[in-house]
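> Please construct the entire structure, taking both the sequences and the accompanying hints into account.
Sequence positions in the sequence shown follow full-length UniProt numbering and run 1 to 118.
One or more hints might be untrue.
[Said to hold, decoys possible] Below, a list of computed lysine-lysine pairs in the BS3-like style, where the Cα atoms sit at most 25 angstroms apart:
no. : residue 1 : residue 2
1   : LYS60     : LYS10
2   : LYS10     : LYS113
3   : LYS113    : LYS28
[Claimed, not checked] Between beta-carbon pairs, the in silico distance windows are:
no. : residue 1 : residue 2 : range
4   : ASN14     : ASP90     : 19 to 27 angstroms
5   : THR3      : ASN77     : 18 to 26 angstroms
6   : ASN48     : MET1      : 27 to 35 angstroms
7   : ASP52     : GLY27     : 34 to 42 angstroms
8   : PRO89     : GLY13     : 17 to 25 angstroms
9   : ASN22     : ALA80     : 33 to 41 angstroms
10  : GLY38     : GLY13     : 14 to 22 angstroms
11  : GLY27     : ASN117    : 18 to 26 angstroms
12  : GLU12     : GLY38     : 29 to 37 angstroms
13  : GLU12     : ASP65     : 18 to 26 angstroms
In short, the hints are calculated from the structure, not lab data. We put the beta carbon where it would ideally sit given N, CA and C, even for glycine.
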Amino acid sequence: MSTEIINISKQEGNNRLYLTDNEGHSGKDNITTNVNPGDTVTWKLVPNGGIDQITGITAKPGSQDIFSVDPAPVNPNDPASDWSGTVSPDATGSESYSITYKIGNDTFVDDPKLDINT
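See below:
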């Protein structure tokens, strides 16, 4: 079991997400991070990356929920907190999920994906 890190910042010129992970994937909202059952996934805001707060990370409707411990703020008292969740030990397939985030007082949503290594 390991920790997969997904770094979150704002794309230049718009309010969409730019994501990078510790596997070397990077891109707009369409990157796919590979995880193993039992892994912890941590979403981190890039310092001065243009995103002020993550307000939610949830499975998209119609997508399976691969988490045994749903993503939640690491420090609920800190609006700029990292978020973390644990992949279920028996998870298979993939999950399309939504990240809800704030820039200033405005709320936005983007939809990356997690694939389970089997």
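> Each of the hints needs a verdict: does it hold here or not?
Structure-based check of each hint:
With a CA separation close to 21 angstroms, the supplied pair LYS60 and LYS10 stays within the 25 angstroms bound. Between LYS10 and LYS113 the alpha-carbon distance is near 17 angstroms, which keeps this suggested pair within the 25 angstroms criterion. Between LYS113 and LYS28 the alpha-carbon distance is near 12 angstroms, which keeps this suggested pair within the 25 angstroms criterion. For ASN14 and ASP90, the Cβ-Cβ distance of about 38 angstroms falls outside the hinted range of 19 to 27 angstroms, so the restraint is violated.
For the pair THR3 and ASN77, the supplied restraint of 18 to 26 angstroms holds, since their beta-carbon distance comes to about 22 angstroms. Checking the proposed 27 to 35 angstroms range against ASN48 and MET1 shows it holds: the Cβ atoms sit about 31 angstroms from each other. At roughly 22 angstroms, the beta-carbon separation of ASP52 and GLY27 lies outside the given 34 to 42 angstroms, and the hint is violated. Judged by the Cβ atoms, the range 17 to 25 angstroms given for PRO89 and GLY13 is violated: they are separated by roughly 41 angstroms.
Taking 33 to 41 angstroms as the suggested C-beta distance range, the pair ASN22 and ALA80 does not conform, at roughly 20 angstroms. Look at GLY38 against GLY13: about 38 angstroms separates their beta carbons, and that is not inside 14 to 22 angstroms. Distance hint for GLY27 and ASN117: a CB-CB separation of about 20 angstroms, consistent with the stated range 18 to 26 angstroms. At about 36 angstroms, the CB distance of GLU12 to GLY38 agrees with the hint of 29 to 37 angstroms.
Here the CB-CB span from GLU12 to ASP65 is close to 33 angstroms, at odds with the stated 18 to 26 angstroms.
The structure fails to meet hints 4, 7, 8, 9, 10 and 13 from the earlier list, while all remaining hints are met.
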